[in-house]
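Could you put together the complete structure from these sequences and hints?
Read in full-length UniProt numbering, the sequence shown has 400 at position 400, and its numbers run on one by one without any break.
There could be a bad hint or two in this list.
[Said to hold, decoys possible] Using 25 Å as the maximum straight-line C-alpha spacing, the simulated SDA-like pairs for lysine to any residue come out as follows:
id: 1; residue 1: Lys-55; residue 2: Leu-480
id: 2; residue 1: Lys-280; residue 2: Trp-263
id: 3; residue 1: Lys-378; residue 2: Pro-786
Honestly, the hints are just simulated from the structure, not real lab data. Here the structure is a predicted model, which means the values were calculated and not measured.
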Amino acid sequence: MAGHETNILEIHSQANSFAENILSSARTIHAFEMRDRLVRKFNTYLTDAHHVGNKISPHFGTLLSAEYCIVYLGYGLAFWQGIRMFSKGEIDQPGEIVTVILSVIIAATSLTMLAPYSVDFTRVSVAAAKVFDLIDRESEIDSFDSTGKIPSETIGEISVDNVTFAYPTRPGIAVLDNYSVKFPAGKTTALVGQSGSGKSTVIGLLERWYNPESCTISLDGCPIDQLNLNWLRTNVRLVQQEPVLFQGTIFDNIRSGLTGTAWEDAPIDEQMHHVEEAAKLAFAHEFISKLPNGYNTQVGEHGCLLSGGQKQRIAIARSIISKPKVLLLDEATSALDPEAEGIVQKALDTVSKGRTTIVIAHKLATIQKADNIIVMMKGRIVEQGTHQSLTMCGGTYAQLVQIQNLTAQGDESRDITDQSEPLDHVPMSTEPSSTLTRHETSHQSDVDGSKDLGGYDQHEQRGVISVIIRIVGQTPELRLAFIVILMACIVAGATFPGLAILIANIVEVFSLTGSEIELQGNFYAKMFIVFACGCFVAYFALGYATNVVAHNLSHKFRKSILENILRQDLQFFDREENTTGALISQIDSNPQAVLELMGYNVGLILVAVFNITACSVLAIVYSWRPGLVVTCSGLPPLVTAGYLKIRFDAKLDRETSRLLSLSASIASEAINSIRTVSSLPIENSVLSRYSHELDLALAGSKRPVLAMMICFAFTQSIEYCFMALGFWYGCYLLSFDQISIYAFFVAFLGVFFSGQSAAQLFQYSTSVTKGINAANYIFWLQDLQPSVRETDENRGNGPESGDTVNILDVHFSYPLRPEMRILRGINVNIKKGQIVAFVGASGCGKSTIIALLERFYDPTTGSIDIDSTCLTSLNPRLYSRIVGLVQQEPALLQGSIRENIELGVDEPSDDTISSSATGTVSDKEIESALRAANGWDFVSSLPEGLSTPVGSHGTQLSGGQRQRIAIARTLIRDPKVLLLDEAISALDTKSEKII
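In structure tokens:
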């Protein structure tokens, strides 16, 4: 069984990794309507786990049934042996036998209570083994290793000697081939070349993300693998092509660059001074100051609340705040508008003075002043020199310069020949475009439209009965299993009152004489065998059926959570509590909690309920006075204490889940951005934040746990009180011959078993409350309706042709920031074949217009018309089929290059959806799209070609390669409306010209 649990854990781990990749690419998923296809692919993981889980059912049933069967056989054996020894005179008093039998019953009852925990122990052991393996793993490059040299002075001269390197995931492909270069101290060296030529790999080796096998990379003559890793990364700072910001404020993000410096623990005022200074150098201070909350503005997950250019400038400020000796710039200005690029470039030129600066750039104008320019191709250096010398040589670099010069000239005088009419007549708003500044509006209704209308705070808390009824109602395919569970619980619950009657009859046996004692004793001993067989059948059916139900529900609800999350609009993903890490935590933990609720635990709860009911009725029927007294005096306070425990437990679970989801967000964010985390380096800071959230969860749980455990202790102790009451009152009645010894034992044992079952019932309350809270979250998601969705009214309303797009007096504020007006009265008319470019400073609303055209959001006021039809009245799915989007930061999903491009093709219709995860596209069509995106050459050069895995988030490819695949994915859908949001910012010169 442990082996099956290990397989399930591994499959769910793979499924969660795939889901994480999906959720972190929510805009891409919505733009291409990939939801159904990706959910089906996710479902293949769940189906595999489901099949493995069902294999556990017979083992599970046998484990539990055998335990109860052996217990009852033990009862029978103890009684048979006692009668035998009593009849032979080896035991004088029959009370000794009764004492032994009752002791065995109490011990065996305690033993059977271990049954559900043994299953949990197996699952936990499997998970713990994985955790311990991870903890015990020794990393070749340990970020927490405090050893290594810390030079007293840094000059900044870097030497790379004879490096040949291949990534561990693709050992057969050499990215760098016998690569040697020197980066002089205090000089600026530029690396140029086509995407995939190895430029970023050099950066990765300098940051010690990888260790080359047999070569030397040294800083000031000292091999970097001998230097203290944190010191190295503090003094060698990186600005990446795709900026990564962390959840928190702008101040927190820039301040994180002070890690490892003398100002790391400085007072806040002093840190703020350095933060503002760095922001000014990065041309970020002006736009930050205009934000309502200034440097205290929240940036959202991965900086989603800021534009690409704003994120890039904050990332630059974060890297230069520590005043490093070595600065690595990997396309650091690619996301900036021309004005900001020019000013930031001047700032970088300024901060580069006196520092060793290594620049990767496709825009050659930004590196003309470099002291040395190295041209790379396929992992080798083909040319190097100054801009002037390389231009005069007429080689590869000169060709790139010529291409960019031609492109620049073409941009000034290009005549768009394929549009139906010129753009001279295009009406534009006379109101100046808005930057991200506070907009005080006098029309409250303008703002009301963008407030939170999703009902996110209306999380209904259903009770246990309501939850179970809804679960049963949603799973008609499991009705037979539910019936089997119910019947098995009735039979299992009936064994306890039957046992009470059987033991009472056993006591009367000792009043017999002669051979009658042994004859009746053997009969009742055989009755224990009958009970054992009944228990074996009942508990086998119970274990088998509950395991089937549990794994079916786990499968169904894991799929349901992801499906309903992806059904939500972008407003849902913008919320702080819905970060990728928090959502993955919900996908993983909630179905598991429902599994534990509706699995064997719910069977034992039903058995306990039937047992309490039957035993209480039995006690009252056989001896109504002691039965009624004990039942009425004992059960109400016990049930009250149990109810209070469940209430405390439910409240604690909700609050703990909320706090743990915050810690999960921190962990997920750090792991997904591990390169940024390691380059700063802020591993200790991230760990401190993570530990702090866990400490908050622990601290907040102390008082509720205390109250809960007081109630729990009461439920576990009061049973002895009313058993004592029952015994005393029963003996009192016996002394006056008001009841028989037989009725006394039946009533007393009925009370005894009822009390034990009641106490046992509340031992499972934790799994009940967790399961109820989890189910309520799942039902809330199922009921949550996004504002942008397919409805009965728009089901068949697709765009007529998509020839014209009219933006009419559009005002817009993001739903979570209604006071901040992004667009103000935008009016644009776009006709068929026209090319319209939106330009302006970063943060002026360009990407927001793209988001509205993709219908990620709806305008606050005004409208967008497609073919004279308001966009809000169109079916979102049908509309998305005519639109293609290429984003500034390309998002690739886990899978092969072929699978990623196929996702760009729409499925034919709901009636003809295939069972595969993607549409049906021929390799010839994919090749054509790749050629159009200038990506076929590099794809065809890979050993696996189109079948090459791109890795999670496309990490196995360079930025330019990812961008070309993203472009091919858009081109293959042949959209009528093409939206390009800085689509070629990551491309090399040649690819940019071709595309």
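Evaluation of the provided hints:
no., hint, result
1, Lys-55 to Leu-480, "holds (18 Å)"
2, Lys-280 to Trp-263, "holds (18 Å)"
3, Lys-378 to Pro-786, "violated (48 Å)"
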